[in-house]
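Chains as they are written, first to last, in my numbering: chain L, 60 to 397; chain F, 60 to 397; chain V, 32 to 536; chain W, 36 to 329.
One or more of the hints may lead you astray.
No farther apart than 20 angstroms at their CA atoms in a straight line, the calculated lysine to any residue pairs in the SDA-like style are these [claimed, not checked]:
#: 1; chain 1: W; residue 1: K266; chain 2: L; residue 2: G230
#: 2; chain 1: V; residue 1: K141; chain 2: F; residue 2: R264
#: 3; chain 1: W; residue 1: K248; chain 2: L; residue 2: P372
#: 4; chain 1: W; residue 1: K198; chain 2: L; residue 2: P372
Just so you have them, the derived chain L footprint on chain F, three or more residues with Cβ under 8 angstroms [said to hold, decoys possible]:
#: 5; stretch: 127–133
#: 6; stretch: 167–174
#: 7; stretch: 300–314
#: 8; stretch: 325–337
#: 9; stretch: 351–360
Just so you know, the hints here were simulated from the structure itself, not pulled from any lab data.
Just so you know, these numbers come straight off a predicted model, no measurement behind them.
Ideal Cβ positions, reconstructed from N, Cα and C, are used throughout, including at glycine.
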Amino acid sequence: MTVSTEAPAPSASPPRRRPGVNFHVLGPLLALILLVVLGALLNDQFLSSGNISNVLARSSFIGIIAVGATFVITTGGIDLSVGSMAAFIAGSMILAINYLLAGMGAGWPLVLVGMAVGLGLGLISGAVNGLLTTRGRIEAFIVTLGTMGIFRALVTWLANGGTISLNFEVGDIYRPVYYGGVAGITWPIIVFALVAIIGEVVMRRTAFGRHCSAIGSNEQVARYSAIHVDNVRLLTYVLQGALVGVATLLYVPRLGSASSATGVLWELEAIAAVIIGGTTLKGGYGRVWGTVIGVVILSLIDNILNLTDVVSPYLNGAFQGVIIILAVLLQRSRKGER
Amino acid sequence: MTVSTEAPAPSASPPRRRPGVNFHVLGPLLALILLVVLGALLNDQFLSSGNISNVLARSSFIGIIAVGATFVITTGGIDLSVGSMAAFIAGSMILAINYLLAGMGAGWPLVLVGMAVGLGLGLISGAVNGLLTTRGRIEAFIVTLGTMGIFRALVTWLANGGTISLNFEVGDIYRPVYYGGVAGITWPIIVFALVAIIGEVVMRRTAFGRHCSAIGSNEQVARYSAIHVDNVRLLTYVLQGALVGVATLLYVPRLGSASSATGVLWELEAIAAVIIGGTTLKGGYGRVWGTVIGVVILSLIDNILNLTDVVSPYLNGAFQGVIIILAVLLQRSRKGER
Amino acid sequence: MTGAPALLASERVSRSFGPVQVLFDVDFDLVPGEVHALIGENGAGKSTLMKILSGAQPPSAGTLRLDGGPMRFSSTEEAEDRGIVLIHQELNLADQLTVEANIFLGRELKRGPFLDVRAMRREAHRLLAELETGIDPASRVSDLSVSDKQMVEIAKALSRRARVLIMDEPTAVLTARESQSLFRQIARLRAQGVAILYTSHKLDEVKAISDRVTVLRDGRIVQTTPTAAIDEDGMARAMVGRDLNDLFPDKAPSPEAEIVLEVRGLDVPGHVRGASFTLRRGEVLGLAGLVGSGRTELMEGLMGLRPSTGWIRLRGQTVRIHSPGQAAKLGLAYLTEDRKGRGLLLDKTMRPNLTLLGLDRFSNIFINKRAEERALDDAIARFDIRARRRDVRVGNLSGGNQQKLLLAKTMLVEPEIVIVDEPTRGIDIGTKQQIYGFIEKLAAEGKSVIVISSEMAEVIGLCHRVLVMRSGRITGELTGDAIAEHQIVRHAMGLEGSEIHDRQH
Amino acid sequence: QGKTITIGVSVPAADHGWTGGIDYFAQQAVARLQKTYPNLKFVLATAGDPGKQASDLEDMVATRNIDALVILPTESDPLTGPIKRVKDAGKFVTVVDRKLSQEGIEDLYVAGDNPNFGRVAGEYFKSKLPNGGNIVILRGMPLPIDNERVDAFQDAIKGTNVKVLGIQYANWNRDDGFKVMQDFLSRFPKIDAVWAQDDDTALGAIEAIRQAKRDKDMWIVGGAGMKQMIKRVMDKDTLVPADVAYDPGMIATAIELTALKFEAGIPVQGRFILRSPLITPENAQVFYHPDSPF
Ligand SMILES: Nc1ncnc2c1ncn2[C@@H]1O[C@H](COP(=O)(O)OP(=O)(O)OP(=O)(O)O)[C@@H](O)[C@H]1O
Ligand SMILES: Nc1ncnc2c1ncn2[C@@H]1O[C@H](COP(=O)(O)OP(=O)(O)OP(=O)(O)O)[C@@H](O)[C@H]1O
Ligand SMILES: [Mg+2]
Ligand SMILES: [Mg+2]
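Kindly produce the complete structure, drawing on both the sequences and the hints.
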């Protein structure tokens, strides 16, 4: 096993805005580096490529979802339904594959059809959230709290309270999508990296990204600047849904199953990652690369806790809490001084 | 200046807005009435005093907490830690009572000391959240996400992963605090009503309430108007903590125990109630009576689902979701027309 | 008067924001019972000095003296306790609260632990009545027009019973009538011995009401003189550092070109009824009227910013405009009167603000940041935007420079028809001249401009034709020599003219 | 007979595999009994936490006027009081699986035996690793039953050379089983066996083991008797040599017994303890229900 000497590369280095150390920008990165150092000190397997690959691959679902959440939150919205939505999509996708198996036979075509179903459901689910929020003029918090319950109930119902399992034969074909990869890098990591890079570019370099932060910053100004506020809003939810779909495509081959326990609390984790990354919860400013770091920080906390037994497992939650607060404190510390 | 009678609205005329049905104000009330009618149609025991008393009494915990959340949210903050905080306070309170039992003997003095411990812990926990948010300048979402994990871990640790149970003898003395009452109205209902009324008065009729909405509306303006923004903020979290303490005082005699499962998701329910009640999530406008209606609506949904067996229990969550969205849709429906 | 001991003074006060210094060793004093005007170009540092004097910002160096003793305010509240009250240049009201709540914010009247709402309403009503406005103390601030908001701010300041009242461009958003009632209050307070510090870019006002004038240029005081010793031209010269002769460019003859926009029977529910007018190529059309007459609403209705019904023909084509985006595509652009609430993203820098409206010009797939930077360079040069740092948050620009940026943003889309609502609000006289020249040039290039303005001189000096609105209706049209102040006022007050429903000649 | 009898059934919500099984078997039993006995009515409620479950009990008494209650408490201590109130209201009470903290409340007690469950697993590890070995434990959620199981397991292996390298919560959840096992595999180069305590967790852990290609180096024991796992035991999968039953079908037994009390007038009373037998390739057939969702 080769041990890389450097920290797991964050997907993008912070844009150099202006000269001088900007803690607001570097904060999350610094927190990440500290965590990596801590992990390396506590366990010599921590920096093994195997462990790093595990952690990154595991981060990928939440990570992909959190990239979508960055857009939603930047626009001043929120989506609490993503975890349940993922469970619902996973369940439906598996049922669809199992159902079509008889007709199509196990093989890549079937898997691809399954993927299309997953993506399609993601788009539709996102559109439902978006339409209720924009056309229905209901607060996003309420809409997505409602659909969170609805998606969760639907998957429980589809699963008859149990687990929906992918047919074994198809599972074996589909498995490499999670476990395989190119050049030693597994697909989830590759997809996550792609989504993150595209997300960062869209946020930073396209009119859509600009419009998102304008709306989050001041909706009236956006409207007076001829931005189709409702359409942009809607689009963020649809994007979020599509990315939940993508995350699910990677999730299903991992364990080949979905149940009512799938994706529980993912929404909270995604939102936390977004905010740790420096996006403002009230909207107006978002950065995707920060979110990526936030996601990795959250995964690393779990990983480090599993790699050591410094403390009673009862207190794991407390350590997570403390580290989350510290990570953000680090980032904000210089802000008060201004 | 003379104003012609058919003038559209010169600034001199009083705002036309007051007379006529205001759905934004009446919305939650209307939703509540519809739910009550539905319940009464489904089951003739629904309006029995026993059932109403049950529903109101069990709303009281979330209700009391949600009154606090109304202030926090009106000021533009959020507190995700309330559920875990309640569990932590309940656990500590029970441990304190059990510990003091040997010295003080079972009796009202012991129970009162226990209550004092609960309230005190509530104040301290709230102050921790408040100080981290105001002095530490960390987003409330992150602070309370962190303390949510910390409180939850602490109660798990105190309980050694199990349940902390109140001594039976003390439990028997304490029980009437939940189940007893005066004139057929049980204590939780009385306390909830008191908290709600005081909350409404504080929000509407005191400088503190006004300052809360001023800060939520525009922090800069509040600061220029010589409002001690940080102190008011801090106070809302302390108030929230104290109210979580009060809620816990009523919760402990009901089930006589606390574990890591206590109070899970209460925060979401409290926030949902606040928003269903018409308070804006971004701050600036809050109303306590709306929150009370929101809480009762949420309790009634559960109650009504128990009244009938129309559907698979797996789909309960879906019904809750639909009703939550409908309740708010009703309230917003006339808003779009402007 | 200068002999009286200073009530509030600054000694060698400097102020820097990061590396940028905006005030240099300012020595300044205020004596009881005087109205002291502070004038200067946009970004000269007037607001900054006023904030320092009122404790809203600490000085970087130097001392403040109150009643001769050195003074250090750590908060506005402390300053207010000592009787110093500031009316900020930018509207500073909590939108979701009522007028009464805003007036008493931080100083609520109480009876026992409770608010004495009735007393506050009464007092608020009295204050507003003194200012001769009919604003209902119970209405929400978010429902008020900009000028009503300003009146509320003034009422709020008056309620604090100040010894020193500092007013940063209070009249920028007020009409002449409202300004007059403010001046009466100022006179009353001066008679009571209150020291009043006052800024305005309306030099005639300064001449009329002040006792002394201090001119600030680039953060330094260039002169302080009794008002009697200086005339308006002198003030302008001292501010700008050069002579300013004709404020308005020579008006080109009224064009007889084709009609580019024709509006008939436009209704904006609740605000405007049956508005009809035409606009020619190369024409500058004025829209005058009292505050609240619905000029803003009419144009917002036309732009698809408010629900409206009516018949619109644009360059010979009948169109329906549902959204501002569509209006922009049709070559219409609208500059809002509310730059803070609707015009600019205050927490962003200049570049994204400038290009927000015309972003499609800078992007096919990706935004071309270099082109944006170039556009910003152009805008800074063309509109003389004075920001000492390029990446300053727009909220930290001086008020006038915000307005220039807003103008630049609107012009960036090169509209065929520009509607400018109070375009020179808060702009210094030198820049005003530039903007007038600019509007004139647009017209000369064959663009059409609608100017909504409460500044009579602006309407008269600039427009080929003027429409007057009253109570949501267009009640008069003036052309040529008929464009004169008394005519406009008569129409605006409803003393003359009838509604013009269908003005087909 | 003829008179309508209402039986309330209160069970935890389906938040992991085993409770999913409970909900499934409860619904099956209810459907079956309703068909057989037209005068039987059931009220089925699922609750995510003790507070909600206590509320459900109140509703059943106040608005549905139940004659009997069958309950699987989410937690025993907090529900002891509320169940006692149902009993005090004169209802017949059947408690399933979790022992109340006060004796003598329930009329009928049908339960698995959690300490026994842990002990059976422990004994199996002891016998399968006679010379000792390194094991890791993926425990459930921080709840009393989890403590009972883990304590009993550790008691059973006490004094042997079986060494517990690591123990972490996996919340009876597949994803968590996967994650925790991945990290354990990174951390410990030599693991001989895994006690996952739950079949969902075990399935997650198995994927992690397969990914690390260490499925030849260790074996794993889950728990509860999920059909996929029993199938593997049946098929003599070396990775899954055995399972420990903890049959969610016990809820059906409890409901049926309670119904019989009213329908057949049999005086059902007392305690029915279902031991947790070890499932091995020899007896796996008995525990295999391919139609169950669990
Ligand atoms: N959102 C709103 N809700 C209710 N009334 C409003 C709202 N906005 C403005 N008004 C009222 O509508 C009237 C028209 O105001 P507005 O300021 O737009 O007119 P105007 O002719 O453009 O005047 P000016 O631009 O000179 O201030 C005013 O009486 C104002 O108080
Ligand atoms: N908080 C701040 N951070 C950075 N720069 C600031 C800040 N506040 C003011 N400035 C800068 O200080 C300079 C002076 O601004 P100030 O607002 O005092 O001008 P002003 O004289 O009031 O102009 P105007 O007539 O346009 O209102 C401007 O260049 C402005 O951009
Ligand atoms: Mg200024
Ligand atoms: Mg206007």
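Hint check results:
For the suggested pair K266 (chain W) and G230 (chain L), the alpha carbons sit about 17 angstroms apart, so the restraint of at most 20 angstroms is met. Under the criterion of a C-alpha separation no larger than 20 angstroms, the hint pairing K141 (chain V) with R264 (chain F) is consistent with the structure, at around 9 angstroms. Proposed proximity of K248 (chain W) and P372 (chain L) is contradicted: the alpha carbons are some 27 angstroms apart, above 20 angstroms. Our distance criterion of 20 angstroms between C-alpha atoms is met by K198 (chain W) and P372 (chain L), whose separation comes to about 18 angstroms.
Remark: the stretch 127–133 of chain F is not confirmed as covered by chain L, as 0 of its residues place a Cβ nearer than 8 angstroms to a Cβ of that chain, below the required three. Coverage of a stretch by a chain is defined here by at least three residues with a beta carbon nearer than 8 angstroms to that chain's beta carbons; for the stretch 167–174 of chain F and chain L the count is 0, and the condition is violated. Check result for the stretch 300–314 of chain F against chain L: violated, 0 residues qualifying (beta carbon to beta carbon below 8 angstroms, three or more required). Using a Cβ-Cβ cut-off of 8 angstroms, 5 residues of the stretch 325–337 of chain F lie near chain L, which meets the minimum of three, so the contact claim holds.
With a threshold of 8 angstroms between beta carbons, the proposed coverage of the stretch 351–360 of chain F by chain L is violated, since 0 of its residues qualify and at least three are required.
Comparing the model with each earlier hint shows violations of hints 3, 5, 6, 7, 9; every other hint is respected.
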